[in-house]
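Protein chains in written order, with UniProt numbering: chain S, 1 to 73; chain L, 1 to 671.
Derived by calculation from the structure, the hints in this document are not laboratory data.
Hints should not be assumed to be uniformly reliable.
What the hints assert, rightly or not - Label pairs and their computed distance ranges (CB to CB):
id	chain 1	residue 1	chain 2	residue 2	range
1	S	E6	L	H79	24 to 34 Å
2	S	E6	L	W294	18 to 28 Å
3	S	G48	L	T318	50 to 60 Å
4	S	T12	L	P449	56 to 66 Å
5	L	I278	S	V16	26 to 36 Å
6	L	N254	S	E6	23 to 33 Å
7	S	T3	L	F286	24 to 34 Å
8	S	V9	L	W294	21 to 31 Å
9	S	E6	L	N46	26 to 36 Å
10	S	V9	L	A159	47 to 57 Å
11	S	V9	L	Q27	37 to 47 Å
12	L	D239	S	V9	29 to 39 Å
13	L	F286	S	G10	19 to 29 Å
14	S	E6	L	P560	23 to 33 Å
Note that the Cβ used here is the ideal one computed from N, Cα and C, for glycine as well.
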Amino acid sequence: MRTLREIAVGQTVTVVKIEVTGAMKRRIMDMGITKGTDIFVRKIAPLGDPIELKVRDYELFLRKEDAEKILVE
Amino acid sequence: MITVLALVGNPNCGKTTMFNNLTGSDQYVGNWPGVTVAKKGGMLLNHPDCEVVDLPGIYSLSPYTLEEVVTRDFLVYEHPSVIINIVDASNLERNLYLTTQLLELEIPVVLALNMMDVVEANGDEIDIERLSRELKCMVVPIAAINGYGLGELINVALAVAKEKSTNQGLPIFSDTEEISVRGIERLLPDRESTQLKRWLAIKIFERDNKVIEQIKISNNLLERMNALRRRCEVAEDDDAESIVINARYRYITNTLRSCIKKKLKTGELSASDKIDSIVTNRLLAFPIFFIIMWAVYYIAIQTLGSMSVNGMEKIFGTFSDYLTQLMELGGVSLTIQSLVVNGVVGGVGAVLGFVPQITILFVFLSFLEDCGYMSRAAFIMDRAFRQFGLSGKSFIPMLVGTGCSVPGIMATRTIENEKDRRLTIMLTPFIPCSAKMPVFVLFAASLFPDKSWVGPSMYFWGIIMVVVSGIILKRTAPFAGETAPFVMEMPAYHMPGLKTVLKHTWEQVKSFILKAGTIVFAASVLVWFLQSFNTSLDLVSPTESMLANIGRFLAPVFVPQGFGNWQAAFAALTGFLAKEAIVSTFAILAGSGGDAGSKADLVLKLQSMFTPASAYAFMIFTLLAAPCCAAVGAIRSEMGSWKWTFFAVGYQTGVAYILAAIIYQVGSIIQ
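Chain S extracted, bound-state conformation (with noise of 0.2 Å):
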């Protein structure tokens, strides 16, 4: 199992444990990334951070940092 911050631009992976806690957790899944969710690494901003995800129909950046603690498949 990876962490989100670990896949190359262009995958597709499917999210199976959200290890981010406290108010960003909620934060996280009220904008829809949770169990099971597919995620699309769409690119990485110029400076390397943050990463530019499509979710559900949308785009939505993340850091590094908190992509770290999202496990996918």
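Place chain L on chain S using the hints.
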């Protein structure tokens, strides 16, 4: 009895456009009591007994952010007649998440499926009837951008409001979950209505602390509810909050499967994606950003801008000559003539001369804001801003602040973390605003005529001071802390309607002109008065006037900066009223009333008062010192306390004072 229609929806769903369409210009803007969250309302057009309340854009009704709490409290306690839930039809899944929560409240919901034009353009199909059946509420397709469906929406909403129907709950829970929730519901005292009990039960299940505090049930009952919850959590190996969120999305995904047919397959690029493949491209993003910014300022300030300033001068010159003739004919006293020509026309005219430049600047900025570029800017800049403790979200207020600090400071509302917000509010005024522009243009033209780097260098200094201040302040107690959670949506680009951009631009230009007509006018009259009379109210020459005395009293303060003379000191003071007033003050001091040679007079006057080093120091001081009173007012209103306001203003002025001094001292040595 007033019917209240509450507009609720995600950010970027077109709520504002819809609100403007529904209320026309009859709107009010204020704050929700006690918090710095904007409250917007207005009367429904053609329906004098109906009020529309625009609630903040939210993704969920959780009790975590200010916007969510404000919206939830309004819906639960103020009990509007109907909720119009505006939903972005091209992005239904996430939008409906909020909808499932709204449908649990006691207020009837009408779903406004917005952006149907985008859905059509994409080639997607939505079975609206089916959707309405599955969600058990009325669904109206609309395209707020061109008014399509608006009439029907209003009719449906008003009809639903009159019926006073309540929502039927959505079966989002699995059997295990339903058992727990219903168990909690049964334990609730009967003083609540059935629907409210259901909503409370779900909230308690989710561990919503605000609700649990508010309903005050016995510890015994609370323990039994906790047990019910625990049973479910163990069975599903997850915490209750996650269980509920998952249940909602699960229901939505299943529902939508039968209601939507999408044309694009996953991985295919939409139009927005294609644009972004260039705009946020790894290599091209920064160059594109700088080119856009450079182009905006070059066109607004250098080329079109300076052409228009010359044009305006001729107009004002002719105008004041005409006025002078009129006054001569009318036998108006020379003093009054001087007031009108030198004071008012000279002062206000100098500022109004910049209206064309400002307009062009605001057209560009409005377009950038309205088309969706701002979130791309936040995306690109986030990493850089993290280095000094902020986030990409702090970039947007600063970008908006290049037009005017006031909306820039208000744009900090999207920053949830209080410390980051305060820091951003404090630093936003460091970025040159359109009012400081005339000062820079004037000084650059007078003392650095062939050095085109001088004007733009102000941006450079502004940015440097933001970065340095950020790094330093973030280490101090009031600002230190964890970096806030950062998750941001990147809405699809859309071509803003010409009307919207023009409306947006006009609002800003109107403020600028109004400011000229009020503050600058008052400042000009005051300056003229102080410059023309001494304390015994005799007419004297400027060097013996009250202004000169006040200036001389202040002047020593500015000796380290090289402009320790009474004119510059006083002009700097007027900068606190409005930055443009600095220009009008110098114009009046130079006696440049209105003849064609006036600009040359002003330039000569400046050249006699400043050396290049002290001029540059003066520009730096103007750039960084406390902003105009309007901006200070915005700071006060967003910070929520005078203590913080004074701190911010004090910091800014202190930095300005020191840096200007350094620049002057170093500059004079180099010369």
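Each hint tested on the structure:
Roughly 49 Å separates the CB atoms of E6 of chain S and H79 of chain L, a value that falls outside the hinted 24 to 34 Å. About 38 Å separates the C-beta atoms of E6 of chain S and W294 of chain L, a value inconsistent with the hinted range of 18 to 28 Å. A hinted range of 50 to 60 Å holds for the C-beta pair G48 of chain S and T318 of chain L, which are about 58 Å apart. Distance hint check for T12 of chain S and P449 of chain L: the Cβ-Cβ separation is about 59 Å, which falls inside the suggested range of 56 to 66 Å.
Roughly 34 Å separates the CB atoms of I278 of chain L and V16 of chain S, a value that falls within the hinted 26 to 36 Å. Our hint of 23 to 33 Å for N254 of chain L and E6 of chain S holds, since their Cβ atoms are close to 31 Å apart. Our hint of 24 to 34 Å for T3 of chain S and F286 of chain L holds, since their Cβ atoms are close to 28 Å apart. Checking the proposed 21 to 31 Å range against V9 of chain S and W294 of chain L shows it holds: the Cβ atoms sit about 29 Å from each other.
Between E6 of chain S and N46 of chain L the CB atoms are about 57 Å apart, so this pair departs from the stated range of 26 to 36 Å. The hinted window of 47 to 57 Å between V9 of chain S and A159 of chain L holds, with their beta carbons roughly 49 Å apart. Judged by the Cβ atoms, the range 37 to 47 Å given for V9 of chain S and Q27 of chain L holds: they are separated by roughly 44 Å. For D239 of chain L and V9 of chain S, the hinted distance range of 29 to 39 Å is satisfied, since their beta carbons lie about 32 Å from each other.
Separation of F286 of chain L from G10 of chain S is about 22 Å and conforms to the stated range, judged on CB atoms against 19 to 29 Å. For the pair E6 of chain S and P560 of chain L, the supplied restraint of 23 to 33 Å is violated, since their beta-carbon distance comes to about 55 Å.
Violated hints, listed in ascending order, are 1, 2, 9, 14; each of the other numbered hints is respected by the structure.
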